[in-house]
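Undergrad: Here are the chains, one letter per residue:
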Amino acid sequence: MTTKNSFIKKIAVVGRPNTGKSLVFSCLTRKYSMSGNLPFTTLALKRVMCRMNDEAYEIVDTPALNSLYIQSEEEIIVRDLLLSEKPDVIIQCVDANRIKQSLVLTIDLIELGIPMVMSLNAVDETARKGVWIDSERLSHILGIPVVEMVAINGHGVNELKNAVVRARKGRSTIRYGDVIENSISSIVDKMPREMLFRKKIAMLLLQHDSFLTPYLITNCGQKNTDHLIQHTQLQRQNYAGNINLQINSRRDKWIDETVDEVVKKQRILLGGFSRKASRISRHPVFGVPVLLGILYALFFTVVHVANKLALLLNDLCWLPVQNIISKNVTSVFWNDFLIGHYGILTLGLSNAILTVLPILGIFFILFNVLEDSGYIPNLCVLLRRLSSKIGVTGNALLPITLAFGCKTMATLTTMSLRSRKEKFIAVYLIAFGIPCAAQMALNMSILGNMGFTAIAITFSILGLLWITIGMILNLILKNDEKVDFIQELPPMRLPHIKAILKKTFYKLRLFLEEALPIFIGAALLMFTIDRIGLLDMLKNALRPVITGYLGFPLQMVDVLVLLMAKHEAAAGLLIKMVARGELNYVQCIVAVTLTMMFVPCLANIMAMIKEQGVKKALVMILSINCTAIAVAGGLNWFLVHVAGL
Amino acid sequence: MEKKHDNDECLENLWKMKEENQSSMATLKSMMGDDYKPDVVKDLLSKELVALGAEETTITLTPRGEELAKQLIRSHRLAERMVHDVLGGEFEAGACEFEHIANPGLVNSICTLLGHPRECPHGLPIPMGRCCEEARKVAESTVIPVTELKVGQTARVAYINCRNDNRLHKLDNLQVKPSAVIKLHQIYPTIVIECENADIAIDESVARDICVWKPQTGT
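Protein chains in written order, with the numbering used here: chain B, 2 to 646; chain Z, 419 to 637.
Rather than coming from a laboratory, the hints here were simulated on the basis of the structure. Where hints are given, some of them may not hold.
[What the hints assert, rightly or not] The calculated label-pair distances, taken between Cβ atoms and stated as ranges, are: (1) Z:Arg-626 with B:Ser-187: 33 to 39 Å; (2) Z:Lys-421 with B:Leu-478: 56 to 62 Å; (3) Z:Ser-597 with B:Ile-78: 51 to 57 Å.
Glycine included, each C-beta is placed from N, C-alpha and C at the ideal position.
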């Protein structure tokens, strides 16, 4: 896909976090790309081929990029795309609410010299606030087409498509002064002639971009790179002062002048919903009831809506099927194979589609509302004091909070962390005890049958344990460099119903594509090991631990086996066991605590290996699972013997 | 007067060399270029402000010379800070003469007015004076760190103490820069400021390094 084809033009959609890149990408390609009102929604490049204006294009959606001066690893992917693949056109997405911040990147892109178009997003919001941006004037100043858009509704897409044909190299009037310009020229002279973007790379070198070295080594060899770095150091030493300060000051002056010229404001600006909502959600006093209210709403919806929906679907769709099969399939083997305890329809299909899917569907709708409203980054502000006690000083808090959505994605976002200690703690804590959206929905559904106190007990225990583990890791791990915490908070927005439903649909589709074969496979496995007697042997061997130490009925072995395959499959079985009355109050709490602590899915494990390496990931998984079993046993003993439940 | 000027320039260059852990005579000569005069070194030697190493290949400041150089550098960099922040212009031309005419009292007053900045606009350290040590939080400071603003107050950024390029870039990407207007929204549990329509959560250590012009009471 990455090879250059002269007939296919490449368009890179780039921009700062939360500027609507994935929305623009989806509008152009008609292929859904997950988006949300929070950073880190896109973590890898996404490429789609499509036809536009009677030409073939490869369109690339990218993770966020603040400027070409790299500050975290996920930005490297985007810069490498621009430098190595040299797209034919760049579409820069800009949030009209925060135009100055985006112009920092605009200057970089203009200096790169690739034809570009600016997509000025969310102009409906600025208009409502009483801010008007003269896009024609902006286009004239920058020398590139600027297209006003409301990407969430798809407004302005046709104009954007037309503008791609008119993409131009931008114009910049910024001068950095003779000393800096001469230094840049002297570095350019030392570079191989065939190297692309020499001037921009020389400037980044001068700015001391530490992430540039690997790119240079690949493109001009170790010897030349050493030589270039040495020469740049000399240039920096000869400059009486801080080069970055000087460069930034010239750019900022230009940005201020440009914005003064193109942005007009009413005298009275309207604050509106966004400001008030975000302030309340992170307020030290009001923020707490808001958080509790949200948690209660999630609980209520799962227990009283999703659970009932699942039961209804079971009665409406599953019971008739079960009846038909039991009447028509006379062979005991095939009857068992299809609808027996471990039948592929019982444990596989119906478990996935009729039990798990409706609960996930309802929960995802609510969770997507939270994601799109921009609540989650604001929640980080509220939790930060607490989290600093466990060695999570701020930067790691967002990835950890994102784990409540998807633990795999959250683990991958830790690549943005620069402190190795913080990164280790974050990956560990994400894997340990944080329920992802799917786990949260299903566990709430299981515990909900036992009442709100069961949920309160389970989550308090998990919370306490989680903080203890964090504190221990914080104590035993060696301190390394302290990294600044500077986090831009997205504006809170009223979510669009259509966008929420679309996102829920895609998440459910993804779940079915990924999980359905595993559900059926796991059912087959259970059926087979049951038939050949292996399951009984396993149960007998594990009896002392399962019934003695953990206090479970022996059937819990089924859940534990399924847990290895897919968390949701185990949860589905647990829901059924609770419904059949096979688990009491204490067993239910212990079971959910145990399953929630276990390292969940294969994807999460792969992400852990990617971020921490095989050795560290294995240590993490082993210690997490051992702790989970030890704690579950202790909890069972405590609840039965001490609390007398 | 001219001799004092030459001596001062030489002492300033020796201070800069000290900051870079350098002491070779050759470096001094290359730094001063045409302004290097052997008589000046002789004069400084006779006043016991500098000391020469073996075979006169190295030159270092004596404790007395160091004290004098520190005052000169402090005056020079504070002057740059003032010209840059208060007058908003190019600072080199005006500042380079200032240290030769300013007295310590005036320098201390400027330092206090500017809220005891730690770096010049070039990002080089300003040596601390007695005023900085004694009165880190003097009431009459006109420039204060963001941490001393009251919640809800709006203020204009005077300067940012930038010790590393990364922080400088991160803040600049968010347009937190000299002359930007920021508003403090909350301090607890995390400091949140508003700048250019965006709310930004920051560490206390970062907030301490963002220095703003003290707002009038009531704003």
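Undergrad: When the hints from earlier in the document are held up against this structure, which numbers fail?
TA: 3
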